[in-house]
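Q: Sequence order for the protein chains is A and B. All letters in the first sequence, in the order written, are residues 1 to 123 by the working numbering. All letters in the second sequence, in the order written, are residues 1001 to 1142 by the working numbering.
No lab work stands behind these hints, which were simulated from the structure alone. Some hints here could point you the wrong way.
[As the list claims (entries may be wrong)] Below are the DSS-like pairs computed for lysine-lysine, each with C-alpha atoms no more than 27 Å apart in a straight line:
(1) B:Lys1106 x A:Lys98
(2) A:Lys25 x B:Lys1126
(3) B:Lys1057 x A:Lys76
(4) B:Lys1126 x A:Lys92
(5) A:Lys98 x B:Lys1139
(6) B:Lys1126 x A:Lys72
(7) B:Lys1061 x A:Lys92
(8) A:Lys92 x B:Lys1066
(9) B:Lys1106 x A:Lys76
(10) B:Lys1137 x B:Lys1061
(11) A:Lys30 x B:Lys1066
(12) B:Lys1010 x B:Lys1106
(13) A:Lys25 x B:Lys1061
(14) B:Lys1137 x A:Lys25
(15) B:Lys1057 x A:Lys7
(16) A:Lys75 x B:Lys1106
(17) B:Lys1010 x A:Lys98
(18) A:Lys104 x B:Lys1066
(19) B:Lys1139 x B:Lys1010
(20) A:Lys7 x B:Lys1010
(21) B:Lys1057 x A:Lys30
(22) B:Lys1139 x A:Lys92
(23) A:Lys75 x B:Lys1126
The residues making up each chain are set out below.
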Amino acid sequence: MEPVKPKISVEYANNAAIATFIDEKILEEKDVQTLQTAIMPVVESLSAGTILVLDFRNVRFLSSAVLGLLIKLSKKVYEQDGKLGLCNINPKIYEIFKITRLTKIFDIYQDIESAVESLSKPD
Amino acid sequence: MTSKASINRKIVVESVPSAVEGVFERILAELKANNFSEDDIFAVHLAVEEAFLNAVKHGSKMDPNKEITIHYSIGADEVEISMTDQGNGFDPNIVPDPRCGENLYKTDGRGLFLMRSYMDRVEYNKRGNRVRMVKYKNKKLK
Chain A
1 MEPVKPKISV EYANNAAIAT FIDEKILEEK DVQTLQTAIM PVVESLSAGT ILVLDFRNVR
61 FLSSAVLGLL IKLSKKVYEQ DGKLGLCNIN PKIYEIFKIT RLTKIFDIYQ DIESAVESLS
121 KPD
Chain B
1001 MTSKASINRK IVVESVPSAV EGVFERILAE LKANNFSEDD IFAVHLAVEE AFLNAVKHGS
1061 KMDPNKEITI HYSIGADEVE ISMTDQGNGF DPNIVPDPRC GENLYKTDGR GLFLMRSYMD
1121 RVEYNKRGNR VRMVKYKNKK LK
């Protein structure tokens, strides 16, 4: 049986879950589906008020299907009264968010610490 | 004045996303060898991946028995890539702007927009099953 390569690694600290994408390139529908299967249980297991930070440090390339998954995730997080932040996005990937105006709906931070600090502040 | 293309190729692949991995790697390597910038290479890479995924999903309806034909030519100052699927085609003019209103919150519909944003020319044939994309060297993003 072919070993399954993990799509994300997850760490928990206080009231935050940090999910780091493993793959450099996230392109095909099948990869996005696999990623969704990996990350949705993490989102669903978060208690109310938890922060989810998605770490893009390894991501060098992604397709528009990934943007769709992020929107799906954000809806799920907010349904559970959580907060979502994205961080460590390289300039070329950030440009994709900017061009598609997704910078208006996602909170994007320089790094994990900034994300957790900002999202921990009461509204 | 258009430069004479130094590379001109035609490849036919099955409608499976993994079918083009080697093809696109070769195109990007040839762009690098022809002194296209990293920004241009990224732009072309993004556009061709989106175009191919659209061809597989919407053109071939995920049928691996359907073929997609890729033509590309690389000149000193430009790269042109065409993709033709065996589907019925579509009208690209009715695809909504994914940045507007409720579309911003939709989970799909950004592929064509990204192709148009990152390439300098994106044109479809009348039927809508063939897209021609051109990137001029070192032209800034829209």
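Q: Now tell me, hint by hint, if it's right for this structure.
A: Taking the hints in turn, this is what the structure says about them:
{"no.": "1", "hint": "B:Lys1106 x A:Lys98", "in the structure": "holds (16 Å)"}
{"no.": "2", "hint": "A:Lys25 x B:Lys1126", "in the structure": "violated (33 Å)"}
{"no.": "3", "hint": "B:Lys1057 x A:Lys76", "in the structure": "holds (26 Å)"}
{"no.": "4", "hint": "B:Lys1126 x A:Lys92", "in the structure": "violated (33 Å)"}
{"no.": "5", "hint": "A:Lys98 x B:Lys1139", "in the structure": "holds (18 Å)"}
{"no.": "6", "hint": "B:Lys1126 x A:Lys72", "in the structure": "violated (34 Å)"}
{"no.": "7", "hint": "B:Lys1061 x A:Lys92", "in the structure": "violated (30 Å)"}
{"no.": "8", "hint": "A:Lys92 x B:Lys1066", "in the structure": "violated (33 Å)"}
{"no.": "9", "hint": "B:Lys1106 x A:Lys76", "in the structure": "holds (14 Å)"}
{"no.": "10", "hint": "B:Lys1137 x B:Lys1061", "in the structure": "violated (34 Å)"}
{"no.": "11", "hint": "A:Lys30 x B:Lys1066", "in the structure": "holds (18 Å)"}
{"no.": "12", "hint": "B:Lys1010 x B:Lys1106", "in the structure": "violated (35 Å)"}
{"no.": "13", "hint": "A:Lys25 x B:Lys1061", "in the structure": "holds (23 Å)"}
{"no.": "14", "hint": "B:Lys1137 x A:Lys25", "in the structure": "holds (24 Å)"}
{"no.": "15", "hint": "B:Lys1057 x A:Lys7", "in the structure": "holds (23 Å)"}
{"no.": "16", "hint": "A:Lys75 x B:Lys1106", "in the structure": "holds (11 Å)"}
{"no.": "17", "hint": "B:Lys1010 x A:Lys98", "in the structure": "violated (34 Å)"}
{"no.": "18", "hint": "A:Lys104 x B:Lys1066", "in the structure": "violated (39 Å)"}
{"no.": "19", "hint": "B:Lys1139 x B:Lys1010", "in the structure": "holds (26 Å)"}
{"no.": "20", "hint": "A:Lys7 x B:Lys1010", "in the structure": "violated (34 Å)"}
{"no.": "21", "hint": "B:Lys1057 x A:Lys30", "in the structure": "holds (12 Å)"}
{"no.": "22", "hint": "B:Lys1139 x A:Lys92", "in the structure": "holds (16 Å)"}
{"no.": "23", "hint": "A:Lys75 x B:Lys1126", "in the structure": "violated (38 Å)"}
Going down the numbered hints, you'll see the structure goes against 2, 4, 6, 7, 8, 10, 12, 17, 18, 20 and 23, while the others check out.
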